[in-house]
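Chains as they are written, first to last, in this note's numbering: chain V, 1 to 294; chain P, 1001 to 1462.
The hints are simulated quantities; they were obtained by calculation from the structure and are not laboratory data.
Predicted, not measured: the structure shown is a model, and the values here were computed from it.
Restricting the straight-line Cα-Cα distance to at most 25 Å, the calculated cross-link-like pairs of lysine to any residue (SDA-like) are:
no., chain 1, residue 1, chain 2, residue 2
1, V, Lys169, P, Leu1344
2, V, Lys152, P, Thr1354
3, V, Lys103, P, Val1267
4, V, Lys152, P, Thr1358
5, V, Lys152, P, His1355
6, V, Lys135, V, Cys102
7, P, Lys1098, P, Pro1108
8, V, Lys71, V, Thr36
Take a look at the letters that make up each chain.
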Amino acid sequence: MNTSATFGVGTPSESDFRDTRDGDMSDIGLTKGHVTVGSVEIQAAKMTARGVNIFYGDKQAIHDVTVDIGKNQVIAMIGPSGCGKSTFLRSLNRMNDTIDGCKIEGDIRIDGEDLYSPKLDVVELRARVGMVFQKPNPFPKSIYDNVAYGPKIHGLAETRVDLDEMVEKSLRRAGLWDEVKDRLFQAGTGLSGGQQQRLCIARAIAVSPEVILMDEPCSALDPIATARIEELIEELSHNFTIAIVTHNMQQAARVSQRTAYFHLGRLIEVNPTEQVFTNPEHSLTESYITGRFG
Amino acid sequence: MHANDLLLLLLAFAAAAFYVGRGRANHIAKLAGGSRQLHSLPDYHGHYTALCCGLPAVLLLILWIIFSGHVISAMVLDSLPAGQFLGDPGGRELLANKIANIAQGVLPKANQPAILVAAAEELNRLTQISRWSVTALASCVSLVGLIWARSRITPELQSRPRVEASIKYALFFCACVAVFTTFGIIFSVLFESLQFFQSVPVVDFIFGLEWSPQTAIRDDQVGSSGSFGAVPLFVGTLLVSAVAMVVAVPIGLMSAIFLAEYAHKSVRAYAKPALEVLAGIPTVVYGFFAALTVAPFLRDFGQGYGFSVSSESALAAGLVMGVMIIPFISSLSDDVITAVPQSLRDGSLAMGATHSETVIRVVIPAALPGIVAGIMLAISRAIGETMIVVMASGLAANMTFNPLDSVTTVTVQIVTLLTGDQEFDSPKTLAAFALGLVLFLITLILNIIALKVVKRFREQYE
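Let's have the full structure, built from the sequences with the hints guiding it.
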């Protein structure tokens, strides 16, 4: 993950942005006890986050984030590098558990169930909340086995025929079926970057998750492959709840219904995408989307 | 001057040439307006000068070392009257040795024929001349090389690609040394084995079921015709190795998985070196541990349950050998498991796989080639291991698959065949080479099979 922030000419110096806990941030429009502006809560929320703080060791990466993720909607999370949007995304299916020294405070729920309650089975949670990563990471197995992986470990298929159907259905939904149907048993790593990423999406939807988290899924892809993934996100959003982290503001504008702007670990603004890009409420959001920094 | 001294001198010349060349390049750079005007950095010009100075002279020296002895002794022998030779080439060689020994004072001059003493003096004289001439010649060559290279240094001289090319050749040369050594060993073993197979048929050796290598040294000795059936030895080797692998593969692999995937950093920091200490224990120590601790324990234990366990058993040797090779498997496997990208683990965990499902279905398959390589290395170690087996599993060439019996292995027999005073042309000693050859072929075949297996099941990331 990128950790350094870059800023355009005429913006406050970098140290002002970095000094997140103690410094006076009023000059950049960010106050210490910043309260997120816009429509944080919505009616049909699939997941809810309330007062989330995330720490890596002593360093606090996320400060008091409160936001709802709407059912069968796409929410885009944008912001400069190192603003914590990926960290927050990973906390939504507890992938931060695998990082040493990562500590989470606050309350995150899916359909009212507490994600961090001791009673929650993290394996079951991750079957409900799937994830697609920045770099395509197909397993070094055949295309078929990649998609069949999830159904196998969760015992979703009774017979081989069921499994075949699931694989085909997932690959079709990921828009990859026609390209790979003749070589299902060749290595998934032999596909092109865009195909690999769609394979990873097929793999994620094969277990029928309710939510799909996407961490900059197109950043390693060329524009054509990106366009295909974006189409796919649009289609998937009819059936899945999607949260996508992206550096590409046009992408956020194209695929999402709501947009959350993160800055230095704080959630600055959440609003319908159209409003964020045409009439942002917060001056920082405006600075970012007009390209003053980021 | 002696060859070693001369080599040092030439190296000193080359070192000096480096500074000469670099100085010259710096000077030229200054005249041309800075080192940017040079095609190559001054250091490269220095290296180039050093190479031109040192390389031809050292090659000359090497050629001299290889050929001068032969040439001089041939000259001395040719100067002798024809009657002094025994006629056959071997006699000529003996005579040359004798003269050399006289010349070096190993044989006292007093009681030797005058003609040989004269020849020895001639040999010494020629050797002296040859040494001084090679010293002079090599020094000249290196100086000429130095001057030539120095005169060539201009801003345009492309020293860098030349030095790069010479590095490539140096690396190639080193690779060749390893390959040629291997071939040398193979051929030496092969020729001795062919000699052995002249007295013992190949089929008897490979398929024979009885091993008792005692042969009659004199015609009047009775009853020791010797039988060279190698099957019991290979069965013994396989038995001991199999026991060792049954111990080492699961323990090694699982400890590697624990260290790489589950252990906390601080545990790993101590546990990994501790495991690797096992690899540092001399095999002879493992040997007496096996013979004095494990074997009696197994015997007593077996007796308690009504098994007859031989006091030197394949089981004891195999168990201890297994412990010995655990670090080979665990250390190599740990490295390859750690090298599997975290993104694969994340991908699997994000699908809702548990940690152990991730390890078994994603991490281990991805690391498989490295793991198999580690296991193959361990098998080679097990097959080649001698000391533990000598001490703990005995010398009796029993044809048995029962690990509670005493067995012997190929390596142990090679040791017993070649220790002590031996004739080097009797079938008994030559059998050692034949055993070595077959052992080599077996490990080679195992390696080839392993490579094929790895290729077949390889799940490559990236």
